[in-house]
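As a plain string of letters, each chain reads:
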Amino acid sequence: MSASELVIDVHGVTKKFGGRTVVNDIAMQVRHGEIYGFLGPNGSGKTTFLRMLCGLLKPDAGSGQCLGFDFRAQSSKIKKQVGYMTQRFSFYEDLTIEENLDFIARIYGVQQRKAAVEKSLERLGMTERRKQLAGELSGGWKQRLALSACLIHEPQLLLLDEPTAGVDPKARRDFWDEIQQLAGAGLTVLITTHYMDEAERCNRVAYISYGNLLASGTVEEVLKNSKLTTWEVTGGNLHELAEKIRGKLGVEQVVAFGSTLHVSGSDVEKLRASVSSLITGDHHWKKIQSGLEEVFISLMETAKDNYS
Amino acid sequence: MRFSWQRFCAIVAKEFIQMRRDRLTFAMMLGIPLMQLILFGYAINSDPKHLPTAVYSADNGTFSRTIVWAMRNSSYFDITREPQSEAEIQKLLAQGTVQFVVEIPVDFSRKLLRGEQPDLLLEADATDPMAIGYAVGAMNSLTPIVLNRDLTGPLAKLRASSAPFNLVLHQHYNPENITQYNIVPGLMGVILTMTMVIITALAITRERESGTMENLLSTPLRPVEVIIGKIVPYIMVGYMQIFLILVAAKFLFDVPMVGSVPLLLAVAFLFIVAHLAVGITFSTIARNQRQAMQMGMFFFLPNILLSGYMFPFRGMPGWAQDIGEILPLTHFLRVVRGILLKGNGFAEIAPDLWPIALFLVVMLAIGIKRYRQTLD
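Residue numbers (numbering that gives the first Met the number 0), protein chains in the order written: chain A, 0 to 307; chain B, 0 to 375.
Calculated from the structure, these hints are not laboratory results.
Treat the hints with care, as some may be off.
[Said to hold, decoys possible] Here chain B is said to cover these stretches of chain A; the calculated rule only asks that three of the stretch's residues, wherever they fall, bring their Cβ under 8 Å from a Cβ of chain B: (1) 61 to 67; (2) 73 to 85.
[Said to hold, decoys possible] Think about it this way: if two alpha-carbon atoms lie no more than 20 Å apart in a straight line, the pair counts; the simulated DMTMM-like pairs of lysine to aspartate or glutamate are: (3) A:Lys113 / A:Glu153; (4) A:Lys130 / B:Glu14; (5) A:Lys141 / B:Glu213.
[Said to hold, decoys possible] Stretch-level coverage of chain A by chain B, calculated; a stretch enters the list once three of its residues show a Cβ under 8 Å from a Cβ in chain B: (6) 47 to 57; (7) 159 to 169.
The structure presented is a predicted model; accordingly, all values stated were derived computationally and were not measured.
The beta carbon of each residue, even a glycine, is placed where N, CA and C say it ideally should be.
Just chain B, same shape as in the assembly (with noise of 0.2 Å):
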């Protein structure tokens, strides 16, 4: 028996009015990318700013005003306490009420003055190193600038000397740091990653809870027009939640779009299908759609955390790294920000196809061999 056109139509035609019965599945998968976009848009931010700040001063001179002053115009730091002793000190950073306290010994000015090279103590707290390092970067290249403006006339010599070259830092396509030119175009991978996998597993693994699938499979169906008919209508699902994705990315949160759209939407598809082929396989693993789920959910966690999409990939061990490079997420967050952000074509991102492509393949073989045409 071949493949029939006609059969596979009527599978297709059926997931659609169901699909369509099921408004509460149907609302999530539009509903989910919304607000993770939302809340991950507006929430998510690796450069901190207005850090709360203690500053305890023995010192009393222009300088250590200077410094307070100057810390608080990097915006990076706000002076919220005050404290009198090194107790309190301590306290507030144990409880957490500040994020750095900046101790100023007594004579600082003088010992200044007379080319001592005092020590000005910054005490952070750095159980989260990312929320401080931006922090520590800005006090560090700020304190020798802002000095110099006090150190006149007579006082010049003691002014930092400068480097012996000058260092031109060029950050491309994201110039100001903004998290979101990172975080929304990776969410478009994320949230087809989670969605994509789970509705396929749950749709095969609900015909066989319910019984549907011995009457499916006493009649002339083969398995691979039941798998394709149940992608389908999955695959304009993907693109609806890409599409609100784009819209959100353009309008919400004005992410530049420099390279080619239509060609985002091509390599979208070899990712949706991937995903709807793991889908697939584990709902023939699954015995029901609980365990459904949870392969769902095992398989999404590795993907958030080894893609590149939370912490940079370049940051993990080489074994990690490998894991990562199986991934299709990991692949397609390269090829997204590539588009969007760097305006890259289709040469550049080749090397990130292909392994896409790869996945695919050997996902939807072992999905359809396992698909069993019986119920042995």
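Only chain A is shown next, with the shape it has when bound in the complex (with noise of 0.2 Å):
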């Protein structure tokens, strides 16, 4: 398999539950080896299209393939290749580390199982912990133990569903650093969640609201495509600033960081008015790259506006 091969090459994916679209119409390309993180707000679809490319959900529409197999007919050969980590904890909390491993390993058909199960208990540095039961582990380290249940079979595609949410920052940290070993090696990811310094370690994201997806892309082309404009505010009584230019024609987003304001909007003319004539002489202004923060948010509320 080249470098560019596309592992997920999937569109017009639409799912419906009852009369309500939850998935729109969504297209999205997966270069084999590559971090592809998935973006958006609650309930925005990212579960739901995740368990439909992991056979979970039957879509209503769309076309394509993934690893090789047409996503719709072939679920079961693509279930062989693929790992899937639940948003919730779904392994066996009055099952020990060993028998959970062991369980997963024996469903997949597992070659000589006792040693990839051993294998997998020294890479989670578990091996002495493997007779504890699964239920009495921190959220770390069921993450963890989940994460290594996924990889027991040697799946060519990972599909994380919010994988560090409610986890400690070292964590999370450890957690990445060990996802990007494994796309070093030449395992395909997609990950959703809501952590912006997440998605800035991702090779390529998509950002989906409502169902629709928004942007995709590099970190750089989503910021670079966004029209979105943003002044940084330094000095003066911030608090009260932010409240006089909040709601002002162009004015989009008003956000404090610290002892800075950030100011956006995807009207450049209209936000400088805006904003020049209400700074005053004590305040520092610059024009800043928009983060990516800002840029999910203004999605979001332009969506948000055409569905009403």
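With the hints as a guide, dock the two chains, each given alone in a separate frame, to form the complex.
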């Protein structure tokens, strides 16, 4: 498989629950060996999309391939090469760490099972704790166990659904280091997240809101394609300024970052006019590159407008 | 993808580990049969004796004394009260202090001697017809016989004339009317019905509630592998229950085992699997464990009431019998009682086998069809 080959190449993917469209006509291309970040607010359809990719839900429309198989007709073949890590810990809390790993290895028909389980335990650093019940583990350790279990059958594609939700920063960083190592070794990773710093560690990102794909590409591309301008204001009474500036023509976001204020809007001229009219002498202001977060929040609010 | 023996074994092994860890449930599965056996086996008696009886005698003749003595000797009546007025009699009956009141009118003995056929009044608290049936029957047959002894010499002409024929009663299979012979084998079916349905229904809804089902569905596991893999460990639990009941039947209750126990065990297999299939079907409908439990109880009630376990099957109206005929328990009760008490062989029980088998096939088909491979 060459590096540019597409592991996931789907388009027109749609899913409806009742009359509500949860995933609307989404296309996605994920290249071999890349980490693809899938972002969006809660309930935007990320989990539904992942579930369709691994055959847990039947799409209402769409076509394409995943790992070279038709993603709608050959989901049983896809399942064998995918590791899917659910949002909620979904291994058996009344089984020990070792028993959980062994169970998953048996289900995937892993060759030399004992050795595979042993290897997995070693990588986890849980060789001594193998007899501990999974239910007794802390959040971070549960997440590591889940990742190891997803990897035990050496999948080609890893689907991770908010793997770092509720995990402390250190464990989060370790987790990402591991993901990056795996991607370096040729594994393709599709990961959903809410954290912007995590999005910046991805090769490519896609942003989805209310089931619609709003932006995709590398982080730089997403930032460049966004028409958002951001001004950074320092000094003076920023709280007072923030209250005044909010709701003025062309001002879409006013966010306080410690001792600075970020004011963003998609119309450059209107924004400049509004900001300059309120700025007094003791304020410094300069134009900065909009951050991913501002871009995404802007995208999300535009999408909301389109819907209402 | 075809059925994989390896994946099936993985599920079975996992179920056994979980069963071992969940000691309380496991203890309940063996504790429930024991408790029910001891409670029902020793407590239920459809031939109650020593019923409290009041005697109001206005006559002190020989004959009234003979009748009271004979009643006491029949062991159905215990003379506990001797009321002095009609009001007191009504009070005793209303309060439930006594089950029966015998009133012997004034001049009973004298009228009897004159051949006037005096009345003897037996008043019964008939709120529970089952409680008094046997006692009333005993009273009917006992009075003419006991008086015949006192009617000697010139009084012999007053003796009750005998019926023109002899009724010969031969009670087969349980000549002494021992209730336990009926209840204890029946309990085997009742206990299996209750526990088998509930544990499987819970086992699958638990996977869905805890989120592990999502994980299972994302693996190459097939529905058949999951369902059969979950059934097998519980079949063994079912057999452990049967073993417990058979041992108790033999050593605690002396229930006769005339027929072939291996044949009984073979039929039990059909019966157990039929109920596990019901449990699976319920689990595909129930959203959580509480609903699964409620559905189990909902299924259990008609079983216990309409199968002929509690009340005589032939005493029910036609439509109720039709419902009863659908339930596997109805047929299993006939099989168990047939094999243990009557010594029935395969030929005699065959008519009750196919309804159980049919029920099993239908339920399993529904269960497997409804068990979704996706989360839709």
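Hints versus structure:
1. 61 to 67: Answer violated; 0 residues pass the 8 Å Cβ test.
2. 73 to 85: Check passed, 6 qualifying residues.
3. A:Lys113 / A:Glu153: Judged against 20 Å, a Cα distance of about 15 Å means the pair holds.
4. A:Lys130 / B:Glu14: The given pair, whose Cα atoms are some 17 Å apart, holds under the 20 Å limit.
5. A:Lys141 / B:Glu213: Answer holds: lysine 141 of chain A to glutamate 213 of chain B is near 16 Å, not above 20 Å.
6. 47 to 57: holds (count 6)
7. 159 to 169: Not satisfied, violated; 0 residues make the cut.
In the structure shown, a violation is registered for the earlier hints numbered 1 and 7, in ascending order.
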